[in-house]
Amino acid sequence: MSDSAISTRIGEPVRRKEDLHFLTGKGVFSDDVSLPRQAYAVIARSPHAHARIRGIKTAATLAVPGVVMVLSGDDLRADGLKPIAHMPTSTHHAETALVNSDGSEIFTAPRYALAIDKVRNVGEAVAMIIADSVAAAKDGAEALEVDYEILPSVTATVAAAEPDAPRVWDEARSNVCMDAQVGDPEATETAFASAAHVVKLETWAQRVTGVTMEPRAAVCEFDAATQRYTLYTASGGAVRLKEDVAHVLGIASKAVRVVMEDMGGNFGTRGEVYPEFILVAWAARRAGRPVKWTCERSEAFVSDYQGRDLAVTAELALDAQGNFLAMRGSNIGNAGSHTVSFAPLKKGLGIMSSIYRVPAAHFRARSVVSNTMSTRPYRSAGRPEVIYVMERLIDLAARKGNFDRAEIRRRNLLSEAELPYTNQFHMTYDNGAYHKVMEEALTLANWQGFERRRIDARKRGKRRGIGVANYVDTSTGAPRERAEIIVHPEGKIDVVIGVTENGQGHETSFAQLITEWLGVPADDVRLIDGDTDIVKVGGGAHGGRGMRMASLVIWNASKQIIEKGTRIAARMLECDPSSIRFDSARFIVEGTQRTVGLFEVAAAAGQLKDLPDDLHGSLSACSEEIHHVASFPYGTHVCEVEVDPELGIVDIVGYTAVDDVGRAINPLLIHGQVHGGIAQGAGQALLEQCHYESETGQLLSGSLMDYALPRADNFPFFKTGISEVPSTTHPLGIRPAGESGTTPALGVVVNAVVDAVAEFGVRHIEMPMTPERVWRAINGKQPPSSVSTSR
Amino acid sequence: MYDFEYHRPANVEDALKLIGERGEAKLLAGGMSLLPSLKMRLARYSDLVDLGGIAELNGIRRDGNALVIGAMTPHAVVAASPEVNSTIPALASLANGIGDPLVRNRGTIGGSIANSDPAADYPAGVVGLGATIITNQREIEADEFFLGLFDTALAPREIITAVRFPIPRKAVYLKLRQQASRFAVVGVFVARMGNGARVAVTGAGPSVFRVKDAEAALARKFDASVVKGLQIKQDNLSSDIHASAEYRAHCTSVMIGRAVTAVS
Chain A
1 MSDSAISTRI GEPVRRKEDL HFLTGKGVFS DDVSLPRQAY AVIARSPHAH
51 ARIRGIKTAA TLAVPGVVMV LSGDDLRADG LKPIAHMPTS THHAETALVN
101 SDGSEIFTAP RYALAIDKVR NVGEAVAMII ADSVAAAKDG AEALEVDYEI
151 LPSVTATVAA AEPDAPRVWD EARSNVCMDA QVGDPEATET AFASAAHVVK
201 LETWAQRVTG VTMEPRAAVC EFDAATQRYT LYTASGGAVR LKEDVAHVLG
251 IASKAVRVVM EDMGGNFGTR GEVYPEFILV AWAARRAGRP VKWTCERSEA
301 FVSDYQGRDL AVTAELALDA QGNFLAMRGS NIGNAGSHTV SFAPLKKGLG
351 IMSSIYRVPA AHFRARSVVS NTMSTRPYRS AGRPEVIYVM ERLIDLAARK
401 GNFDRAEIRR RNLLSEAELP YTNQFHMTYD NGAYHKVMEE ALTLANWQGF
451 ERRRIDARKR GKRRGIGVAN YVDTSTGAPR ERAEIIVHPE GKIDVVIGVT
501 ENGQGHETSF AQLITEWLGV PADDVRLIDG DTDIVKVGGG AHGGRGMRMA
551 SLVIWNASKQ IIEKGTRIAA RMLECDPSSI RFDSARFIVE GTQRTVGLFE
601 VAAAAGQLKD LPDDLHGSLS ACSEEIHHVA SFPYGTHVCE VEVDPELGIV
651 DIVGYTAVDD VGRAINPLLI HGQVHGGIAQ GAGQALLEQC HYESETGQLL
701 SGSLMDYALP RADNFPFFKT GISEVPSTTH PLGIRPAGES GTTPALGVVV
751 NAVVDAVAEF GVRHIEMPMT PERVWRAING KQPPSSVSTS R
Chain B
1001 MYDFEYHRPA NVEDALKLIG ERGEAKLLAG GMSLLPSLKM RLARYSDLVD
1051 LGGIAELNGI RRDGNALVIG AMTPHAVVAA SPEVNSTIPA LASLANGIGD
1101 PLVRNRGTIG GSIANSDPAA DYPAGVVGLG ATIITNQREI EADEFFLGLF
1151 DTALAPREII TAVRFPIPRK AVYLKLRQQA SRFAVVGVFV ARMGNGARVA
1201 VTGAGPSVFR VKDAEAALAR KFDASVVKGL QIKQDNLSSD IHASAEYRAH
1251 CTSVMIGRAV TAVS
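These protein sequences, in sequence, are chains A and B.
Here the first sequence stands for residues 1 to 791, numbered as in the numbering used here.
Here the second sequence stands for residues 1001 to 1264, numbered as in the numbering used here.
Chain B on its own, in the form it takes in the complex (with noise of 0.2 Å):
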């Protein structure tokens, strides 16, 4: 690790004063991702500015037929929230799942999505949901938001302060897991909104993606029989030694059927 300023600020003005003064300063969250990249010497920073030290970025609300979570909101907290497990509880399991309990315990909603891993759980969450991403700035429709390989729409100096999520009737994540990181080597997020369905895919690709001619289909008839055989194109998809791009389209659409029955 090479070396760098530490800063704990105690609001959002004083982040974004820090990260406007440093040169090459960065955000530091959970530091899930960020950390184990600084320990390996594959990324340096002049300074890191800690977002743990500010309260409002903490906590999960109902708002309205919405739940709001705060960006630095850790997956432990979520996962065990009677709020989310009483509205969303797909939501709650999907962050029941993302990594190990010291994971769960550290890292964060906010630091998950700023990250955009194309194997992280929260983008499909967000994405299957449509979410809105509540910044220091604006509101970013979750379609929006993810532009590719840890690639998102946040400018230079915008925090993420929290996630609202709208309620769906029903949904669910299915994740299958590569072997040796136990990421989502293919993630499916299907969730039954009150004007039709959503189905958004992790892992299988650079960045989440939506299933559109599932969404289309489940919307005439919300039932398994209509994704059935449905075919996913490997144009974008990835391959590594793990699982090639045809393997991935094939368990995107096995994974749709099942997510699908599981929210009938």
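If we strip away everything but chain A, and leave its shape as in the complex, we get (with noise of 0.2 Å):
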């Protein structure tokens, strides 16, 4: 065993293998890909939010030097291209299925890569311009000519739901697409009736982008000769993507081959098909050459799958020692133009009462359309919005009964002895040390002394507020995944694996489980995502199934390749295979010191004549596991701000989190997996919006000078700690960690922040809580008559 095999296993801060790579500029983004004789497309967008096409002139665009072809929704028509086959409704064994309540059937939009007829939201493909430069591409899509009628439109999400609003689908109903109910309302009615306190909570966990720093790009190449198309791009997982695009095409999947090298940001935004990944590939048989797009920043607002968009109203009821007794309410989710994705609604409904001893709730869920981006997961979908609802039930509820805000979590928080539970939603979280991981983040953040740190704020002429807020997290996704190992006799191990790397630092996480389980340094592994004609099968990144699902896939075969490393060991030293131990990459015989080595056990796997059949050739092995489990990733941050009373600034000045893992495979990655998703929540609270204006649906957040995104030097240093309480459903125990982050940030930076303000007689404010929000609040004064603002 090398030292440098210790330094690397299960538990190891491991510095990030790629981050060389990186940092040199040698990563490989889907926009350095070209490819010889590639045309380039630009996509004209909808300027409109609602409209009828009545038509589209091409002759002036074909007239420009350079282009070379202009398509439209009438071409993708008589190409027979399908709808893009979004799955919204899919449900993981594990999560509650939303039905509607009526019995009804639920409405799916479909979703042409070019836009049939109607546009429906500012931004929405109508033609792609195929050129010989993107310069000349985009002289030829300012010279298309399109006849628009302008319809009315909706964006916001309560008032897409009402009966009256502008239509977004004339073959639907109405607009709320879905409209299920979860829970008991007798009971939760009687508990109501009951109460010694009921609290309320009208709010809106805003629309927010993913803003990656790489925007999307693709190139595609069709060979005439074998009909098949290379799609270069990046995306959520390789696999699904290949399917989806065959699938609009109309051909068999095998006939699509889809390459991605490195990834700069995926948080569910970049999770799924674009149409554009479909567009490059059909014009490229049509024109008879690659076609290269690349999306720009501005385009990027109006075209990246958006997030959140939860209108909620719920209550909380408590009897007079503070106990929970019940939760009722009505959540709407705004999916967009299109119903790509009813997940967020649907997961975050499923742990509306979070880790609390919630006995009865009924709530209602709705899915609305609306004249805007659509929707999907976005880095925790919808457990981020539910989580920031509960925690500001219980602070409102604590100030109403003069309950202490921790002593009043403490009461009501499931104790390990209720564990596994199911909750209201039918939800059942594993296990968990719920209260030990509070008290850990309270100790940290040293909750006790915040007094003299709030007099000391206030000598500087500051308010100073400290919140704290428990989550849960569900983490489910495609249950399907495969590794694959093979041992190279030089001394390499090559992992082929479906689940995708999007930044996350799988390089060298899931090479610590190599050192970990076959003794070889991470350095000597190397990882195989990206590739469909190498990694066949296999479900992406999302929904905090990475390590979850890798980390089985890879032991399975690891016990594989030591079973049958042994078995060629025992050949090789003329032994029985029951008397072989493996240790640190050697097969020995117990009791001697005879042994060798996993490389020259692969080498002879290859040259020894007498092996079986399946040992002989290559040192490899397979494992595919299904696995239906959820998970449930759980733990407390806490978040302290100073506010300017005067001005409304509000200041992050602590921040703690404690996020339970299960097992922590390499905390370093871990902590940096925390701090990017405690900025990512804290963004949402503090700054980020996707403003729609309401009369016309133009995006008013349309670049980075208008949309608020936070910086390095809008957050203090965080304090991280990682507890690890192994998971009861996961084989090695495992829970999530890359949704931690975000999950309670939004909840507890509004608690803290209104905590700071609770003198002026604030009992809440809105995301996201900009300085004026701030100062209005403090100052009772009503909203600006900004429309687009409203939910």
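A few of these clues could be false.
No farther apart than 27 Å at their CA atoms in a straight line, the calculated lysine-lysine pairs in the DSS-like style are these [to be verified]:
1) K82/A - K536/A
2) K781/A - K1228/B
3) K609/A - K492/A
4) K1228/B - K459/A
5) K781/A - K1233/B
6) K138/A - K1039/B
7) K138/A - K118/A
8) K138/A - K1026/B
9) K254/A - K82/A
10) K17/A - K559/A
11) K138/A - K57/A
12) K1170/B - K1212/B
13) K254/A - K536/A
14) K1233/B - K1221/B
15) K17/A - K492/A
16) K1221/B - K1170/B
17) K462/A - K1228/B
18) K536/A - K492/A
With beta-carbon atoms standing in for the labels, derived distance ranges [claimed, not checked]:
19) S1037/B - R453/A: 45 to 53 Å
20) D1100/B - D132/A: 32 to 40 Å
21) H21/A - K1039/B: 26 to 34 Å
22) L704/A - S1046/B: 25 to 33 Å
23) N1105/B - G617/A: 58 to 66 Å
Just so you know, the hints here were simulated from the structure itself, not pulled from any lab data.
For each residue, glycine too, the CB sits at the ideal point set by N, CA and C.
Relying on the hints, combine the two individually framed chains into one complex.
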């Protein structure tokens, strides 16, 4: 066993192997791929939120020097392209499926890669211009004449659900495409009737977007000889993308090869097929040459999937001692123009009561379509929204009933003895030490010493506040995953897997599993995850499934490698396999000094003549698993803020997180995940919003000049602690860590700010808590008549 | 970006000749506003005349009781200048707070004031100090220079060559930043001059403006108490997704008080 092998085992804070590659500019992102003879595509997009396309004239565009071709919805229809196979209602085994309470069918909107007859959001793709250069394609796009008949539009969530709202889809009965109920209305009514305290919150977890550092790009070539398409791009999962593209083109999925190298951010908003990926494939065949498209930042703001956008009315009932009795309410999720995903609405609803004991509950959940870009899961789909609601309700209850905010949480937090626990929304939490983690976080944040810091801040003219939030996260995602491990005699190991690397550090953390189980240092492990000619099966990166699924199949495949290797080693060492043990990359005959190394065994597999068929050739193993069980990361965050009471400016001055990951593979990467997650959650709490103007449906926050993204100087140094209570629903005890930072951040930041300004009579502040919003709250002023801020 | 002809003259005369000859020519200073608008195809010019090659437009010098800053002097140079820091540190700090390091290395004082962006920082310093804008044709007082949103007193073939700042007794620039762009939602420049006080505000309205009520009160007694609760009229202030006119008016009042305290 080499020293380096020891240092890269499970639990070690191994530095990212991939960083040298990125920091020296060797990353290969989508736009870095160019092909000989490629043409360039520019997308002509709708300037209107809702309009009928009366006609498209292409003559002027085709007359622009360098323009090769224009493709519109009519061409798409003529070529028989199908709608994109979004699966909005797909539900994991562990989740509650939502159905319309009147028994009717859920409406799902057909989405074509180019608009057919109508456009339904600003930025919807109307035509594709292909030219010899980007500049020529842009000239062509400007020359395109589209005759629009502008129709009334609706963007706001609650407004879209109104019966008289402008209709987004004539094919649907209304904009409400799903209307479900969960829970027991009678028991809930009874509990509310007997309550000593009832608190109510009407709020909106506003629309935000992912703003990945790398904008999307794609280039595709079509080989007429083999009739195959090769698509170079980046997405949340290569295998699913291959199938989605093949479906729309109406071809066998083996006719599409997707190649993904590095990806500069996913966060879910890049987790699914996009029209442009299909369009470059279609166009490559039509044009007879490769076609490349690169998204620009302002284009990304209108055409990337967006996230959140949940309007909630919720009530919590308590008895006189502060015990939770019941909760009820209504959630409306804004799906945008097309029903790409109902997952945020569904996944949020399932954990509405978080990890608290709530004996009765009843909620209505609706999804509405609107004239906005479609939404889909964005880092911790649906859960940050509902955890925010629950933690706000608790603070409101503490205020109303004069309960201590930590104490009321302790009183209602599920104890270890109550686990596993099935909540009123039919979700069953595994295990955990909820109380212990909360106490650890409070201690780490010096909750007890806060009042002194509050007094100190006041002397400086500031108002200091502190907030605490507990959370649970539901990790499900695509249940099928596969890994292949190949041991090369030269001393290297390849791991082929369908979990996609988007920046999480899988090259390092997955390699640590190999170090742990096969004794090979991480530097000698290569990860292959982005080429569908090699990776045939696998679910990609989403829903906290990466390490959870990868560890299962890598573990199983590693065991097979040892088992096969043992049998080969027995031949080489001339002993019985049962007398061999495997340790640190060596097969050892028990009680002797006779050993043979893993890589020597791999060489022998190719050389020994008399091996049985299953051992002869390369030393490799495959594992494919379907794992239908959910995992439940949980934890506690504490946030401390200072507010300038005259101007309303909020500074986060302290942030503490303790997150249970079950078993930490690489604590360094986990801390990094949590840091980034906190920034995304706090960004929503304080800064970010996709502002749609309600009259016109125009996106007013269409660039980084108007969409406020958090920056490093918005934050203090975080204190992050890791708890490791192995999950009972995962064979290796692992809980995901990728979404933990975000899930409680919205609620805990709002709780802290409201605490800071509570002395002014402030009960609640909506997100994002801009300086003006905070100032208005302090001074009891109504919101300004700015139309785009309504829910 | 549409095609254009690029020119880099070596002196002001050649630059003037170029913009005189060419139909849709535009002067290019640091390009920090012009280039993004070209890249997004929001503007189109037949010719760009880059002033970056004209040595006489660059540099900082002391001229009696004034500081003269060449029009093409980058913000980073102003921010780091010992001359500026020893005479008008508020101006150095204003320059050091513009944009990010990339912008400060490229952007210039002349380009900034010629553009007259409603949220730019330099107009507050120029008006707040009562500076004089020197062009190839004449000298323009700061109060006469900024006419409105992206509008100045500059004639079509007029090039700013330098800005002359009188040296105040003490001055300060405070900025409340818009959270996305980090431009000023409200930027307040307060200068205590030998003969009174000047108060200039950027960001809050379509163009920089002076707050004469505050100046008059401070002329009588330079103390934060005299501007406490100062009412700023909302009528001409901006409202957008980042801040309403009402909030901008409130912040202007509060920040004038803080600025006065800082220079008292």
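Worksheet entry | Violated hints - listed by number, lowest first | The structure breaks none of the hints.
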